Every structure is written in C-alpha cells, then in structure tokens.
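Asks: Taken in order, these protein sequences are the chains called A and B.
Each residue of the first sequence is one higher than the one before, starting from 2 at the first, in our numbering.
Each residue of the second sequence is one higher than the one before, starting from 45 at the first, in our numbering.
A hint or two may mislead.
[What the hints assert, rightly or not] Below 20 Å or equal to it, Euclidean Cα-Cα: the simulated SDA-like pairs (lysine to any residue) are:
#	chain 1	residue 1	chain 2	residue 2
1	B	K52	B	A87
2	B	K52	A	G59
3	B	K130	A	R74
4	B	K106	A	A11
5	B	K130	A	G59
6	B	K46	B	V83
[What the hints assert, rightly or not] Derived DEER-like restraints, expressed as beta-carbon distance ranges:
#	chain 1	residue 1	chain 2	residue 2	range
7	B	G53	A	L57	16 to 22 Å
8	B	K150	A	N71	55 to 61 Å
9	A	T121	B	L145	41 to 47 Å
10	B	A156	A	I146	48 to 54 Å
11	A	E30	B	E81	36 to 42 Å
12	A	E46	B	M45	43 to 49 Å
13	B	E144	A	T121	28 to 34 Å
14	B	D74	A	E73	57 to 63 Å
15	B	E55	A	E113	39 to 45 Å
[Said to hold, decoys possible] Far from chain B, by Cβ distances over 12 Å, these chain A residues were calculated:
#	residue
16	E46
17	K77
18	D150
Note that these hints are calculated values from the structure, not bench results.
All of these numbers come straight from a predicted model, not from anything done at the bench.
No residue lacks a Cβ here, since even glycine has one placed at the ideal position from N, Cα and C.
Okay, here's what each chain looks like letter by letter:
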Amino acid sequence: MSMTDKAFDAIVMQLQEQVFDDARQAYGEKGFERWRNPRFNGPLEDADADASGGVLGGCGDTINIYLKFNGERVAKASYTTDGCGSSALCGSFTAELAHGKNPEELLELTPEDVLNTIGTFPSEETHCATLAISALQEALNNYMISVVDRERSR
Amino acid sequence: MKVAISAKGTELGSEVDPRFGRAAYIMIVDTESMAFEAVDNSANVNSFKGAGIQAATMVHDKGADVLMTGYCGPKAFQTLEAAGVKVVSDVGGTVAEAVELLKADKVEYTDAANADAHW
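Just chain A, same shape as in the assembly (with noise of 0.2 Å):
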C-alpha cells in the first residue's frame, strides 16, 4: 500500500460527507437528524412486553418493539433492530407514535402513520415501517396475554 494515513483518512472523510448528503437527501432534514441521534433507541429494563425478541423481516432486518404502560397507556416505548438506517427510523418513529397510546389506539397504527410522520422517505424502503409496525402489533399482543393471565390467576 504506497498510500499514507492522511490521505487515507481524506478519502474517508470525503466518502463519509457523501453518505450524510445522501442520507439527508433520502430522509429529509427531520428523518436525517433522528438517523444522527435516534431518539428511543435500546430495551427498555422494566418492559411490560416486547416483540418476543424481535420481528424478523423478508429483507433479513429484525425490528423489536418495548411497551411500558401506566394505566391504560403507552408511558414509555422504545426499539431495537440489528438492520440498516431505514428500520431504525421506522423503529424509531413507531416508538415515539406509541408514547402515550391506549390499546385500541395502538391497535389503529399503521406503515402509513410511520411514513407520513417520518415525511421524506426511500420508496423502496417502506416495508421497514410495515416491519415495525408488525413488531408493535407483536408486543402489543403479548401484553394483551400478560394482562389476561394476571386476570385469570387472581
């Protein structure tokens, strides 16, 4: 390799400035700024239910959705995924549409609530939202269970 360091380190620099300008330009400015600093990122410890680990998707990404209720509502939520920048945006973004949410209104999300509240988004990209929407659902459901069963064995 006849390369030095710093010019090494130009190249990364320069290649890095081209993945921000895209990123910003497939994102948008908001989508962008939550990609740099996402916001509701990792488990949360006292979880009411997840996705049971995580939903897989066809593109190989897994999303996993946290819920922690107060009451009847979403009083903290959060995700994880092991996927690209597209599947932690919609985790992301899922996570922030939940806070605050009953049941039925969870039940009542959609891929489309993601999108529109991200705004600018990859077209070839949407079934991450539809990922971590099914995750929400997923841990939704198991809380469902949770609450059944400590019903029942009172």
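Based on these hints, arrange chain B on the given structure of chain A.
Replies: Leaving out everything else, chain B in the frame of chain A:
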C-alpha cells in the same frame, strides 16, 4: 497474510455473515498460524453514519490484506480500495472454509461493489 471475514459468531467454525458493515463480528485471521481475533462489530451496527465505511476503516486499521464477505456496498468498497485491501464477495460457508479457499488460491477478487448503497 491477514484476512478479515464478516462472521455471525466468534469462532473459526462460525458462519460467514453476508452483511459487511452490519456483520455481528469481523474475524481477523492470520492465514499462516490460523491465529484469529473476533472484533465485535455491534457498535457499528448502530453507528448511523455509514456502517460500511466504519467497518472498512477498522479492517484497514487491523492490517488485513483481504476482506471476504457476502455483500459489499459502494462506500465500503471505495474505502477498502483506498486502503489497498482486496475484496472477495459472495462468500458463504464458515470462516474456516473461507480461509481455506483463500489459501488454496480459489478466490476471485472483485473490482466493484456488489450491493447498493444502504445506510
């Protein structure tokens, strides 16, 4: 020679992870002694700034001459090319099998990315 291989686990018997930037681990293997190091790539999985570039820079920093993986995106490929790291893509099987292919000279080095840009 040192080879970097994207892997799902931390052993020579682990499966090759087809993803490069978001591979669970990057194995750095010395093809002479078969000594290896499994580099945890999980921080990179959630780096949100171009996982391929980060992983490619790490491969360079570890002194690998060759990268073997499934899919290599354009940014990762450009980074590896700049670093003088040769790339073998469409690799499957186990890490040990990949090393054997390389040692037997049964690999074809690619001259282009074989995956689309993906953040």
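Asks: Does each hint fit the structure? Answer for all of them.
Replies: Tested hints:
no. : hint                          : result
1   : K52(B) - A87(B)               : 15 Å, holds
2   : K52(B) - G59(A)               : 18 Å, holds
3   : K130(B) - R74(A)              : 54 Å, violated
4   : K106(B) - A11(A)              : 19 Å, holds
5   : K130(B) - G59(A)              : 31 Å, violated
6   : K46(B) - V83(B)               : 14 Å, holds
7   : G53(B) - L57(A): 16 to 22 Å   : 18 Å, holds
8   : K150(B) - N71(A): 55 to 61 Å  : 60 Å, holds
9   : T121(A) - L145(B): 41 to 47 Å : 43 Å, holds
10  : A156(B) - I146(A): 48 to 54 Å : 49 Å, holds
11  : E30(A) - E81(B): 36 to 42 Å   : 40 Å, holds
12  : E46(A) - M45(B): 43 to 49 Å   : 45 Å, holds
13  : E144(B) - T121(A): 28 to 34 Å : 46 Å, violated
14  : D74(B) - E73(A): 57 to 63 Å   : 59 Å, holds
15  : E55(B) - E113(A): 39 to 45 Å  : 44 Å, holds
16  : E46                           : 18 Å, holds
17  : K77                           : 19 Å, holds
18  : D150                          : 33 Å, holds
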